[in-house]
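Participant: Protein chains in written order, with our numbering: chain A, 2 to 242; chain B, 2 to 242; chain C, 2 to 242; chain D, 2 to 242; chain E, 2 to 242; chain F, 2 to 242.
Errors might be hidden in some of the hints.
Pairs involving identical chains hold if they fit within one copy or between any two copies, as the list cannot separate such chains.
30 Å max Cα-Cα, derived DSS-like pairs, lysine-lysine [said to hold, decoys possible]:
{"no.": "1", "residue 1": "Lys33", "residue 2": "Lys52"}
{"no.": "2", "residue 1": "Lys52", "residue 2": "Lys32"}
{"no.": "3", "residue 1": "Lys231", "residue 2": "Lys117"}
{"no.": "4", "residue 1": "Lys117", "residue 2": "Lys32"}
{"no.": "5", "residue 1": "Lys238", "residue 2": "Lys32"}
{"no.": "6", "residue 1": "Lys231", "residue 2": "Lys32"}
{"no.": "7", "residue 1": "Lys238", "residue 2": "Lys33"}
{"no.": "8", "residue 1": "Lys117", "residue 2": "Lys238"}
If you are wondering where the hints come from, they were derived from the structure by calculation, not from laboratory data.
For clarity, every value in this text was computed on a predicted model and none was experimentally measured.
6 protein chains.
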Amino acid sequence: MNDVAVLPLSPDVIAALQGVCTATLTTVLLKKGLRNVWMRGPRPLVPGTPKQIGRAFTLRFVPAREDLATPASWGAPISTRAAIEAMPPGVIAVIDAMGTTDAGVFGDILCLRMAKRGVAGLVTDGVVRDGDGVRGTHLPVWCQGTVAPPSVAGLTFVAWQQPIGCGGVAVFPNDVVVADADGAVLIPAALLDEVVALAVEQELQEAWIMEEVRAGTRLPGLYPPDEAAKARYEAWKRGRA
Amino acid sequence: MNDVAVLPLSPDVIAALQGVCTATLTTVLLKKGLRNVWMRGPRPLVPGTPKQIGRAFTLRFVPAREDLATPASWGAPISTRAAIEAMPPGVIAVIDAMGTTDAGVFGDILCLRMAKRGVAGLVTDGVVRDGDGVRGTHLPVWCQGTVAPPSVAGLTFVAWQQPIGCGGVAVFPNDVVVADADGAVLIPAALLDEVVALAVEQELQEAWIMEEVRAGTRLPGLYPPDEAAKARYEAWKRGRA
Amino acid sequence: MNDVAVLPLSPDVIAALQGVCTATLTTVLLKKGLRNVWMRGPRPLVPGTPKQIGRAFTLRFVPAREDLATPASWGAPISTRAAIEAMPPGVIAVIDAMGTTDAGVFGDILCLRMAKRGVAGLVTDGVVRDGDGVRGTHLPVWCQGTVAPPSVAGLTFVAWQQPIGCGGVAVFPNDVVVADADGAVLIPAALLDEVVALAVEQELQEAWIMEEVRAGTRLPGLYPPDEAAKARYEAWKRGRA
Amino acid sequence: MNDVAVLPLSPDVIAALQGVCTATLTTVLLKKGLRNVWMRGPRPLVPGTPKQIGRAFTLRFVPAREDLATPASWGAPISTRAAIEAMPPGVIAVIDAMGTTDAGVFGDILCLRMAKRGVAGLVTDGVVRDGDGVRGTHLPVWCQGTVAPPSVAGLTFVAWQQPIGCGGVAVFPNDVVVADADGAVLIPAALLDEVVALAVEQELQEAWIMEEVRAGTRLPGLYPPDEAAKARYEAWKRGRA
Amino acid sequence: MNDVAVLPLSPDVIAALQGVCTATLTTVLLKKGLRNVWMRGPRPLVPGTPKQIGRAFTLRFVPAREDLATPASWGAPISTRAAIEAMPPGVIAVIDAMGTTDAGVFGDILCLRMAKRGVAGLVTDGVVRDGDGVRGTHLPVWCQGTVAPPSVAGLTFVAWQQPIGCGGVAVFPNDVVVADADGAVLIPAALLDEVVALAVEQELQEAWIMEEVRAGTRLPGLYPPDEAAKARYEAWKRGRA
Amino acid sequence: MNDVAVLPLSPDVIAALQGVCTATLTTVLLKKGLRNVWMRGPRPLVPGTPKQIGRAFTLRFVPAREDLATPASWGAPISTRAAIEAMPPGVIAVIDAMGTTDAGVFGDILCLRMAKRGVAGLVTDGVVRDGDGVRGTHLPVWCQGTVAPPSVAGLTFVAWQQPIGCGGVAVFPNDVVVADADGAVLIPAALLDEVVALAVEQELQEAWIMEEVRAGTRLPGLYPPDEAAKARYEAWKRGRA
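So that you can see chain A by itself, here it is in the shape it has in the complex (with noise of 0.2 Å):
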């Protein structure tokens, strides 16, 4: 089931993302007309995880079910299991918990079994179980927290591939995440290669406008730039070529 094909990414796509935080992406993607990319709930599970980046590859829950959702069906064809077996190295798994926060989605089993297979990191708006463990794996997790029980207690697996909310945000199979300190943000597919380009021009300026306000500048026409500082940091940037 679910054979959504995962779609390469670039190696410049990754090494211009890496320059540039998630802050930043908003911003370019609100210009854009889009002002729903943040996931609510995820968060770096280690203080410091670095950034991760990659093609979303997703996973379904719903609620429980007593008849359904039980240590047994851990065993089923349509299980957690068998979707971490499809993901290819370099995704990032995106697991829509629909927020529920008194079971973990994971523990260290299946962590473990996600970094073996390389893949980039876990993002969800639910939460991991036995953190310790998880934290063990040093697979990069992007959650609510971690609690004890297990998925079963309140979450019934579903379905892998196909489109998902996470935090609020519509998530596609082959959509990009990018997960840093502040989070993960989302970018549509299709606007991929404009975003990149207008990130990296926009963290360029605001590490100018950075510069200017540590030598004393006021932000009235600094930030948004009026005509004049536009002018100054083009000669910057000319500067620095």
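Use these hints to put chains B, C, D, E and F onto chain A, whose structure you have.
Facilitator: Positioned in the frame of chain A, the structure of chains B, C, D, E and F alone reads:
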């Protein structure tokens, strides 16, 4: 897409469930180990809406994204319009709106078309829009109320006949939904016959207990009945036959 | 257990409070320094339910646990059934459901028994189940609405006549509860006489102010009244005597 | 203070908007890029309240503080009483109560005075108090319900005719508010004429679509209309002229 | 009052539970039919707090009322002070704060006294106050964080050693509580021995599975183990003995 | 606009408050009848942030509207930039973000400018964006965390130096704010001197009580102190002088 065949529902089952309230169904399902079968949110839009019973025909929304959730999307192949045209008569459309209460899943036009197709009811954990218009279609609707904004103000439609969550309950295509003044209850397809039989008996026993309380009997020993009360009930039941 | 004697409530107090709305009571209690006496959640189940006044008879639930909250527990010595049989006529049963809205504290059978015992009303921050059945018992009920599931789907009954919270208000046995269309207000037992006297006067003054506004008087100087307005009010009051 | 002049509202605009429901307005505003114009919370206090249209006259509360929010404050120069006396006829008072649902912004006396002054309506994301009294004034009110406690139990009044939030929507003095059975929608003052024109046309087109659905037309190609449907609609429209 | 005798807890049980994480306990309890045993809210106040295991000693708060929740109440016979003096060494104080997060149940003085008495830990669904002070006492604390206001700003203390709810879980005196980095889990007193035995075995099996995953084994057939995997596990287990 | 003069704050008051924790301040304010002075939400962004004390300089946001909340608005006369340039050294900027947690009020550039201007701290019930950048500015910040999206994704800036709500507390320009590890507490300007005097004494008494508890004294009679304890405390205090 989504070609899950809708199973028929026997007229005998429908007739039996007409005599059972959703409160009784939840008691019977709890005795079978199912505590989470009542959907949080759906209420009759119109007081006095007659009870509806039908197979679940599911629809799924994810959050809105400005590049996807547009009036233009209403004409796309995967649209609420196409989903409605796929509904056979007698089903209950169960719509996963993720509990969204500031964007209406459907308005008067879509509800009128559903009524025309013989759909038995609409159950959602979200809201509908243009309440006066929807009421005018006479489609039986269970929802959280009415609002002005269209679905695309908060929601993106993605699929039908997939497993969903609705009001915190897992709903699969072909599960059976019963909706009355107290809301909507799910009966898992596999448990249908057993639940119907137990519920009819439970309803009868509670009717007898109400007669007893009306006559002044104290609760201890009566509800739940001790051996003496059970004997009196059995005698009463034989007398009715 | 829980043998807190229920104190009588004088017919004069009941008669005086019949002429005072809960809005006026909260104003008087606030002037005495009590800002938190109105319960969040309880609403008349049936519009037009007549005002009820009575001593609080408290009941407590804690969350459900599958080994405790079972249909079998309904026959245990500490059960809602036993609590009901301990209620004297005229009390208002105040039920701490911790604001739970997906499991009904009581259904038609228990409410009918309470009506039979002459209980003045049921006030809860939770919900009741089998709404049509409960309405048929004519017991005055203030709650958050009606649902299908039984109490044991979400709640475990543990005690009666202990101090409780209900809708964010502390309620002790023998406090006085007044419930009308705007909800339920608590009067601490120790403040009863003083509050009743002040409330009757406050109600009268507001009636005079309404007459003045109806006649076209502007608000400043009238509400609250300045010295001139106070003099006119006193004259009006003398004229009524 | 707060002497923002209230702009007139043309009778033609009012008449045009009388023929348009708030659901249609939100569709038109969304097409103009505005997705957040419907206030979360306000509902007609009395079912069947006629639609109201008017310029927004704003009021602001902040949370209560025991040294500020006192009955004595009702006589201060910056008081709800003074704000009411500053309201010209025809405006809709929009009250930012920060969504507070346990302290009523206004009661019967203030609402009666507003009705006397010819205020078109009261819209709040909070609640009113003394529901029976307020209903008796016949002031059209949109709110979250009725409670007993006075504003000072939870709120401090601070200003009128400043920008506010109401139900998650930014409201500036002189924006236009339309309130009907589905709630209250804001039209930014600068977009008024354009929105009115588009809404009248949208309403007409949806009326024609309803006729088509009533006659059995399938949804795809009709809603949204394809070229053939558009042509039929234009012919129908010409036939009406 | 409240003289429920605290039962001893065998050193063998404590030693066995030291080797089991709360995540494993919830899996075992779910297999016994208990899905709701993990408390929502309590977290270690200090990262790295060692695991605590003890009998539950319960305390109850209800909401604050200005005539009851006063600094003077701290000297009353039924006070948090008296409750603390009733705690034997080794218990875990479980405090029902109704999830209140803006008034601290205890501050540095009360926590220091508990530490002095040899209390094993404090678990609450509320918060503590004067976080730096509490951390200085070295009492192991699980809570929702730290705040400034005292309990009486939001809470009234009413009893100890009664059944309570804590974080949505029913807790009875003498139930066993285990708290670690993932929070606090309840083991019903009657199930203690069985749960401990199952948990030790479950923990061992998961350790073996982690070894397998580390070695590159795929998940299907391993977790949950099929017959072949079970055989390998049993061999491994024998090898350890 | 908004030219409310910022009052000075005496170095003696600042020095006295440096020795008092916010927990003690809330106890003292509660004894003066003020139960609602601690802001829900603001937390130190950086653990170990030193305590800050200053006059409140207020800023107000309302919800975002696509026609108002735009990057272009950052250059308008009423902008966060202009507000920052109006802040004198030593104030604490208190920002009413209506509790919004998915759009950051300020990012690194604005925080750096505030630090440059000598602002003592930023307190908000919302969040900041670009957490790493903000931390790099060394501005003391109390907020609900960090996110990626800019303010205009959810907020519209409207004014400074008006009365606001922040975390459920009413804040007026020139009230005094004290922020430490437990959050931010407001002292009404009019009560400043009295509160400072009482707080210094309260802090000393609690230090003595901690010494007593450390020495093994039981709580009853000590906290609150009975007459004997008071005498011992007075003696201890004299001994320190």
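Participant: For each hint, tell me whether it holds in the structure or not.
Facilitator: Now for the hints, and whether the structure bears them out:
1. Lys33 <-> Lys52: Within one copy only: 23 Å inside, 37 Å across.
2. Lys52 <-> Lys32: So Lys52 and Lys32 pass the 30 Å test inside one copy only (23 Å; across, 37 Å).
3. Lys231 <-> Lys117: between (48 Å within a copy, 22 Å between copies)
4. Lys117 <-> Lys32: between (39 Å within a copy, 29 Å between copies)
5. Lys238 <-> Lys32: The answer is within: 22 Å in one copy meets 30 Å, while 39 Å across copies does not.
6. Lys231 <-> Lys32: within (18 Å within a copy, 34 Å between copies)
7. Lys238 <-> Lys33: within (24 Å within a copy, 37 Å between copies)
8. Lys117 <-> Lys238: Only across copies: Lys117 and Lys238 sit 25 Å apart there, 43 Å inside one copy, limit 30 Å.
Of the hints listed earlier, there is not a single one the structure fails to meet.
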